[in-house]
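Residue numbers (full-length UniProt numbering), protein chains in the order written: chain A, 1 to 225; chain B, 1 to 225; chain C, 1 to 225; chain D, 1 to 225.
Be careful, since some hints might not be right.
Which bits of chain D does chain C cover? Going by a derived footprint, with three or more residues having C-beta under 8 Å, they are [claimed, not checked]:
no., stretch
1, 31-37
2, 103-110
3, 114-124
4, 162-172
5, 175-188
6, 194-205
Hints were generated in silico from the structure; no laboratory data involved.
The model shown is predicted, which means the values in this text are computed figures rather than measured ones.
Using N, Cα and C, we set each Cβ at its ideal position, and we do this for glycine too.
There are 4 protein chains.
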Amino acid sequence: MSLTREIGAVLDEVRREVAALHAELPRNELVVWTAGNVSARVPGRDLLVIKPSGVSYDDLTPETMVVCDLEGRLVEGERAPSSDTAAHAYVYAHLPEVGGVVHTHSTYATAWASRGEPIPCVLTMMADEFGGEIPIGPFALIGDDSIGQGIVETLQHHRSRAVLMQNHGPFTVGRTAKAAVKAAVLCEEVARTVHIARQLGEPLPIAQADVDRLYDRYQNAYGQR
Amino acid sequence: MSLTREIGAVLDEVRREVAALHAELPRNELVVWTAGNVSARVPGRDLLVIKPSGVSYDDLTPETMVVCDLEGRLVEGERAPSSDTAAHAYVYAHLPEVGGVVHTHSTYATAWASRGEPIPCVLTMMADEFGGEIPIGPFALIGDDSIGQGIVETLQHHRSRAVLMQNHGPFTVGRTAKAAVKAAVLCEEVARTVHIARQLGEPLPIAQADVDRLYDRYQNAYGQR
Amino acid sequence: MSLTREIGAVLDEVRREVAALHAELPRNELVVWTAGNVSARVPGRDLLVIKPSGVSYDDLTPETMVVCDLEGRLVEGERAPSSDTAAHAYVYAHLPEVGGVVHTHSTYATAWASRGEPIPCVLTMMADEFGGEIPIGPFALIGDDSIGQGIVETLQHHRSRAVLMQNHGPFTVGRTAKAAVKAAVLCEEVARTVHIARQLGEPLPIAQADVDRLYDRYQNAYGQR
Amino acid sequence: MSLTREIGAVLDEVRREVAALHAELPRNELVVWTAGNVSARVPGRDLLVIKPSGVSYDDLTPETMVVCDLEGRLVEGERAPSSDTAAHAYVYAHLPEVGGVVHTHSTYATAWASRGEPIPCVLTMMADEFGGEIPIGPFALIGDDSIGQGIVETLQHHRSRAVLMQNHGPFTVGRTAKAAVKAAVLCEEVARTVHIARQLGEPLPIAQADVDRLYDRYQNAYGQR
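Using the sequences and the hints given, assemble the complete structure.
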């Protein structure tokens, strides 16, 4: 089926953005084969744009992206949506400030997830971006709302824009899809660095007041205005 | 010697596919130097197409690929076939559902192989693709059917399409050569992730019933129809 | 505001150099996203050239580089300078022999930093470049001179041109910006190699007299005259 | 000074080969910055071709390669030879069957070297290429024949074409410079794989008779005739 012409231009732009952001996943070594996906909320509509299921990153174009509603049902597109669409859709339906969602099985983050162990906040880079630990979400099977519920409930109790779903892998969110991709990149980097730090001893803690100061500054003063 | 014209077009297609799939081995960091190979069964014939021995991945073209029978003897091609051809041939001769075979010495999978330790199924991605642990095959010397027998006997007792030959490295199979390459990529990724997980503790187990559900869904509902 | 024409040509050259050297950070896998920066002192002036804040490495051109004074205030450029500019500026103001500064969160160096543990000098390559251990600087919050002071005080007591700021990451210096980038690359490499060495036992020490001989030779006889 | 015309064509060919082989060092992630070098013996002459000191791999051309005698003295070329030239020259002077030498500080091999611990032969790939353990050479300072002597004395007591100089890094040899590069690539790969294997337990040994059989076959039957 086809959407009305008025939102056609907006959809084209979101398709282009989501297709381009998928290239960041292999470039930042967050995925192998087809095991990761990016989605974006369509502004002003209860719709999302996401990767089709099982398609190689090399073959992704704006045209191959699919449009779904916030219950994960296909609205526009010729291919089946990512099998993770239901989880993405649940996040958009329940967290209105979220404009983008990313899911990967990036190696180090998934290793923490498989032990069910949150990543402690022992790096200034981690305080900047995540404002504290990266938490663990529940074990949940694909096929219904379990994964989406686990993500939303975990994120609602943490500053972190990343959650490690147990035995599964990280989901990250952001105000935009690009911000969610950045969170996915930094999630893997802090997962790797803290893992390596702990291999030879215990990292030194950062006082909570200092974590708070770093997080506040980075969220409000970093980058170009 | 030269094969009859009727299968020439089919052979050309298989040569192209096998040559192209070899590029995935260095791209996915599964091999160094010339230490890995992909083969495909020629549809409807007791033949396989495989890499020539000791040739750099950069120098592989469809024309350099060689054709062997299912006892590993050269049928067409100007170069000696891969020294692993006998193992590939044995697999095709004994597992009729297999259309592709891949052998590498990918780092983490080979590390598990050198300890003779199967990789436990503690990741949803691993349940999806392998349906359980990735098993160990026996120590076997190159030169006769020992490696092929070890692969076939081990795979017959497991869902896994990957086997880690002791002190040697992984062999993977698939209905197509591309599926076998995918299994090789995911085998190394789960070998790496579970290794890293175990460096700092014990991964949480996934209940067998959940492994079964994940495997069933992924084998039957994932990707494009 | 705009600087007088006489130093325009010099500034253009420094902008080109600093922009080009930023490409070495992702190329040598020292950074993810925008998390690292290079600066250079403007010869004969109390000025430095540095990366703008939060801009992708792909988007850096000589024109986007910004010029600041040695208190970290913007002198020329349309964008906000890197949020690490105050630390760079403090180093130039207090260490007159320094012509370049690099800051990254490179993985292994940051892991040592998070434990507050200096890297012991157990490699000839490390004796050559750093002349001894790579020391730890204090934990310091961004926002005033604390980081700059910590860098300067630590470097003044060591031969090393690298310092690992606790829970934060490495800063390196050099007579030129290129030399500071080289130090950043070698800092991460020795952090990685010594980490890996210590995972399976204790590296053998190098006698101090041998460290001294290696350092002296490398600083005075290596490379082209 | 300039050599007679008769060997000019041979030298040009060796320069091209050595320049091209240097590209394999960064491509196979064996080096950072300028920290590695390849040399080749000039056939029929007591000469070698090697990399100039401290020059970036990107700037290496056949013309920049330098020619030295077997005492390491510059014979032709406008730049200072690699500071490791004396070690290369000593190897050619004392091991007449060697046609190529490679030196790197590749990460995992150097980690074993810093502990002074030989790499045990627990992989079939390692038995194939090295025929047994990769041994440790003595700690030796640069500046005289100590490094060359340590390499030669160690290699004379082992099948291995790689030696790990203590606290320093690997040197590899081969009948050709390309074979020495292959040995450097495989040395790092087995150093990495056996390191990873030992992180989670003890690799299973391979019986000496099997190591012998694998080595004999690979040295005599592998590749194209």
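Right, here's what the structure says about each hint:
Evaluation of the coverage hint for the stretch 31-37 of chain D: fulfilled, as 3 residues show C-beta separations to chain C shorter than 8 Å, against a requirement of three. Counting residues of the stretch 103-110 of chain D whose beta-carbon sits less than 8 Å from any beta-carbon of chain C gives 4, enough to reach three: the coverage restraint holds. Counting residues of the stretch 114-124 of chain D whose beta carbon lies closer than 8 Å to any beta carbon of chain C gives 4, which meets the minimum of three for the stated coverage. Residues of the stretch 162-172 of chain D with a Cβ under 8 Å from some Cβ of chain C number 4, which satisfies the need for three, so the listed coverage holds.
Judged by the Cβ-Cβ criterion of 8 Å, the stretch 175-188 of chain D is not covered by chain C as claimed, because only 0 of its residues qualify and three are needed. Residues of the stretch 194-205 of chain D with a Cβ under 8 Å from some Cβ of chain C number 3, which satisfies the need for three, so the listed coverage holds.
Of the hints listed earlier, the one the structure fails to meet is number 5.
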